[in-house]
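Chain order of the listed sequences is E and P. Take our numbering: the final residue in the first sequence is number 359, and no numbers are missing along the way. Take our numbering: the final residue in the second sequence is number 506, and no numbers are missing along the way.
Honestly, the hints are just simulated from the structure, not real lab data. The reader is advised that the hints may include incorrect statements.
Said to hold, decoys possible - Derived DEER-like restraints, expressed as beta-carbon distance ranges: (1) 482/P - 303/E: 23 to 29 Å; (2) 71/E - 482/P: 55 to 61 Å; (3) 277/E - 480/P: 53 to 59 Å; (4) 482/P - 262/E: 51 to 57 Å; (5) 457/P - 86/E: 38 to 44 Å; (6) 292/E - 482/P: 51 to 57 Å; (7) 448/P - 187/E: 24 to 30 Å; (8) 457/P - 277/E: 32 to 38 Å; (9) 395/P - 143/E: 45 to 51 Å.
Unchecked claim - Computed footprint of chain E on chain P, listed as stretches where at least three residues anywhere in the stretch have a Cβ under 8 Å from a Cβ of chain E: (10) 196–209; (11) 417–430.
From the three backbone atoms N, C-alpha and C, an ideal C-beta is built for every residue, glycine too.
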Amino acid sequence: MSARVCPDCARRAWLLERLAGHLEPVRERIAELLELDDRALVAAVGGEHRSAIEDELERQEVSELEDRAERAGVEIVCRCDSAYPVALRDLPSPPSVLHVTGSLERLTALLEEPSVAIVGSRRPSSYGLETTRRIAGELARAGLTVVSGMALGTDAAAHTGVLDALGATVAVLPGGADVAYPARHRRLLARIRERGVAVSELGPGVMPRRWMFPARNRIIAALADLTVLVQGRERSGALLTAEWAARLGRGTGAVPGQVAGPLSAAPHRLLREGATLIASAQDVLDAVYGVGAVLVPRRRTARLEPSLTALLEAIADGEEGQAAFARAGLVGESGMAALARLELDGLVRRGPGGRYLAR
Amino acid sequence: MLAQVTTFAIDGVDPRQVWLEVDIRAGLPAFTIVGLGDTAVRESRDRIRSAVLNSRFRFPDRRITANLAPASLRKAGPGFDAGLALGLLAASDQLPAASLEGCAVFGELSLGGELRDSPGALAVAEGARRAGCTRLIVPRQRAREAALVEGLEIIAVSTLREAASVLAGAPAPPLPRAEVEPAPAESAPDLADVRGHEVPLLALQIAAAGGHNLLMEGAPGTGKTMLARRLPSILPPLSREEAIEVTRIHSVAGLHARGLIQTRPFRAPHHSISAAGLAGGASPPRPGEATLANHGVLFLDELSEFGRPALEALRQPLEDGEVSIVRGQRSLSFPTRFMLVAATNPCPCGFAGVEDRCTCGEADLRRHRRRLSGPLLDRLDLLVDVRRPADAELRGPSHVSSAQVGERVAVARERQRARLQGTGAGCNGDMDARAARHTAALDGEAEAELARAYTEGLLSARGRLRVVRVARTIADLAGSERIGRPDLLLALSLRQRLAQEGAGVG
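Here chain P stands alone, though its shape is the one from the complex:
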């Protein structure tokens, strides 16, 4: 007899529908699974056998064939266990076959017949809703996560037996109550903790308001990482769609326990990371740090220490907001809309510009600059020098709180949205040269200063566009329609320096 169960495989970070077919025929007792599964899928035979028997069901002593369709899709992981087991029960008449219609199943089995936690429940729930299923059976631990998807009945069970009895008509157990989440504002790092750092705080605010990627330069221990960690706290809160996307990605990556993620992600990979680790890859393809930082902040500390291939791999994610990975005949894409914050020492020893502590020669400085140069720098609109705060500043009061800055940022973002409609850019940091020409008007004085900076050789052509983008954001924060002279001057002071500047002799 034949039974069919719907489930979902995780393809990258997206769900793909998979039909589990279980067929039982007369013949020598055997259990085979076909359909391009990995080792975990092949081993599920033994888990299912024990789970079925330990749940006091009968394991048919006949020839059992299970197929995972479509056969062309590579399937990985133990998430098919529960579906296969329920299919087997239906095929052997221990469960009414009709009860499985319109119902998706997801979960790993233990030998004792419990449904185990497995990553990706939210993605599966989204897939189930899109495929038109009405009910979804998930492990109890994942119920809250799956329940974030509306328009789908979530059946949260802890054992195979429980799942079978619900399908047979018993009432579904109530969903576990939402755990009380800690108020995120209290635990998250806040700008109110920062003492001194007046200029870096300003740069952080501009970066958040315009979606500009930011480079921080400063000696070790001056607070670059501390500042970067506080960027998510001033970005606008995640919208519900963004929150679900973030939760789904983190759930697939197995990073997230329960509930909806409300705070913007902050990812700070170590500089030894590979290109695949940063942009996504491996086989089967897994999301990289760029995708885990989607809708949040990707922080690269010690930028000059990152391998060149890894940094090169960040180009497409930065340009397109997604990364496509080709494996075999198929191409997958991961979303990568993050803000990039990078930090670096000003020179190899880290102390350039700090009294006379720097011991680097001119050649060392040149090499350091060269390591930093390249396509990535083109995407960094802002450069701010982070210096050790003076003692008096450390003992003084803080300047602002995240809530205050967050409000200004939200207002500035709203202005941009209204102005940039139809240009394809969501914020000033995304503006290309055309969008900048049409929407970033400079007043006469600002225009003159910009021209002067350009002819004096302080700016490259691309640097000029970056300065205009930043100046536009500064004007947005000030609430002005045109970019004025002070806006432009401030943007100029936060520009990227040319390779020869600050590196000794030109």
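Bound conformation, chain E alone:
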């Protein structure tokens, strides 16, 4: 396990954790605060403990940080190292130390491909979930890297879509890189780490605090070439990510929703402000590579019988039930058996309401 951290960055990483509680009441201004240097930051939020904190800061050793990471199985890299993701240097306040689980090497490889952040509401509708999942899966198949925050709802759907398409994905976590937040996503985190990575600004074992979420969002925006917002209410946190993307000169995109739906407020605002309209993975590819340069790959269905291929295509086109069966020349009994075969082959899965969806 490699540890490449210089003393200054190690001290900064320590300071951030030491001040975690102090930053909580001033989280409205977290972006500016993170841009301050160590002394100014302590002066701004240290309060009565200022001098004590400064003394402690002087005594911090790199070895301590390294030991801790080693014990937790987390790789660390500081912003002065060549292995540090270049994209993060565009931030006014790049994380001093990046903590990585999965592997640093893998992170580097994943970031060599164009990357897309998919973010959105923690309580999306099933339309939002399905759209996220589908687009994320298709992007993974096209070889792009999908970045998100592993939050409930949209974020998790983005990761799941990639994993189901056997792709690798980057999760940027608010707390420690080894801490599944929300805890419900422990299994999801394990799946992400099998092929992809989880990264974080904070050290192993740190439980998320509220200021860490907007801070995390800036990392997501910086890592991605394009940030796509799926659903969100008027004051959605996902808008912060999109704002960061715009500030960093990265692309923004939004998936339109129902005209009057409350979950359409955030994406429609972005669209009004000039974000790219994203209705499919192809729209993302067009935005990243130029129109028509790269196409969404077709599924491998060569070895299927003609009737199964026809049924799969009907389902991919959004047909269901008898209409889909009719296109494949099947009836109830044979049609249902055919669906079971496609499901066993992993070509379709059951969505909301038991509806069959093409993977």
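Since the structure of chain E is already known, use the hints to place chain P on it.
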């Protein structure tokens, strides 16, 4: 002087013999009834007094004591009136005491001396035959029902006076003629009315053929209830014993007017029902909907809206085919051999999977799933999604009629009976893991597909058994000895989805 009359109390849904003793002694005029009766029994004193006088008999001005034996059995209802009145007439020498031997009496009295309709005549008649009585006096309205029991002379009377004169030796009035029952096939809902719904119809047929409990999932108004109502029409007809049991239960519950019930019951209780209402209970214990659905179909619409205690209470009935209820020192059992059909919306708003109409969040879906999970789902072998038929289907012809499907179901059931002999299961839906291992053989390809589904995580261990049971029924419908690959695949497509499937993110 002492007289004794035989009658029967309804204990749950079963008859229990009760001896009515009437004793008349010298003393201040009084009429007391002892023997653990309820208010209706206590009030029968006043009904009997008026009925006796209005029937132009003498009411003895002496000390009358009536006893309902055994004294330990709690007795409820007005069905003892007629017996007590006849006992009183015999005890006061207005009727030959010997005439009451071997004769059971059942019925409520009006003040004018008429015998009133009261529920449970069939159960009483069964009890009378079992107790070795030769004659049974019942209210005229209940004569046909009581006459369903063979080997018993039914004396159908409309007044107390008539009853007394028959006992005194007059010829019994002829039984009322059977009313012409409407041909059940015409009025009952039929599969021929169904348009579209190809897959749900298939699931209904499999459920009927194998006795599998069925869960239907679909948006509001797609036809779940309509389909469930048609299930009784494709089940095999009731045997005579089953028909009598159904009639007796419905008669005791006061739901049934006359004649033998020939069609399988269909019960659809509202989701606000209590545990006691569903499984039986209260004091004195009454049969619940599970018992009223005995030999028929219990339909639970909006399954997720039912209270947890009510659904929990269905566990024993589903497992054992009967429910036992303990009150005080006694335990009663009600038969509950029904098929369960449940229906539910796919999500709280009901529109999951219908274009983008669903407005539920992931958390709502999770909560909905959780409400549905639990022991009851283990008993539901089949899950079918019911969708709105397309316009063209609604205008098209129907697929099948109940008679056609009923025939296939009957043949499949016969195959099962032959195969399952000695396993304790009556149909594939009752098979436990052992019976399934011994009698549900899969061919090589089917075995491989099942193993694949299991290792891919599409099935739990219990889900695997359910799929095998259903596949066995599908093979029975096709007339094959072994479960083939198409049978197994079809069963897989009708399996219950795991909690995480269809609920957004796993």
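Hints, verified against the model:
Under the hint 23 to 29 Å, the C-beta atoms of residue 482/P and residue 303/E, about 27 Å apart, fit the expected range. About 57 Å separates the C-beta atoms of residue 71/E and residue 482/P, a value consistent with the hinted range of 55 to 61 Å. Here the CB-CB span from residue 277/E to residue 480/P is close to 54 Å, well matched to the stated 53 to 59 Å. About 55 Å separates the C-beta atoms of residue 482/P and residue 262/E, a value consistent with the hinted range of 51 to 57 Å.
Residue 457/P and residue 86/E have their C-beta atoms about 39 Å apart, which keeps the hinted 38 to 44 Å range intact. Evaluation of the 51 to 57 Å hint for residue 292/E and residue 482/P yields a pass: the beta carbon distance comes to about 54 Å. Taking the beta carbon of each, residue 448/P and residue 187/E are about 28 Å apart, inside 24 to 30 Å as hinted. As the Cβ distance of residue 457/P to residue 277/E is approximately 37 Å, the hint placing it in 32 to 38 Å holds.
Hint check: residue 395/P to residue 143/E, Cβ distance near 48 Å, so the stated range 45 to 51 Å holds. With a cut-off of 8 Å between beta carbons, the segment 196–209 of chain P has 5 residues touching chain E; three or more are needed, and the interface restraint holds. Residue count for the segment 417–430 of chain P with a Cβ under 8 Å from a Cβ of chain E: 0. That is fewer than the three needed, and the coverage hint is violated.
The structure does not agree with numbered hint 11 stated previously, though it agrees with all others.
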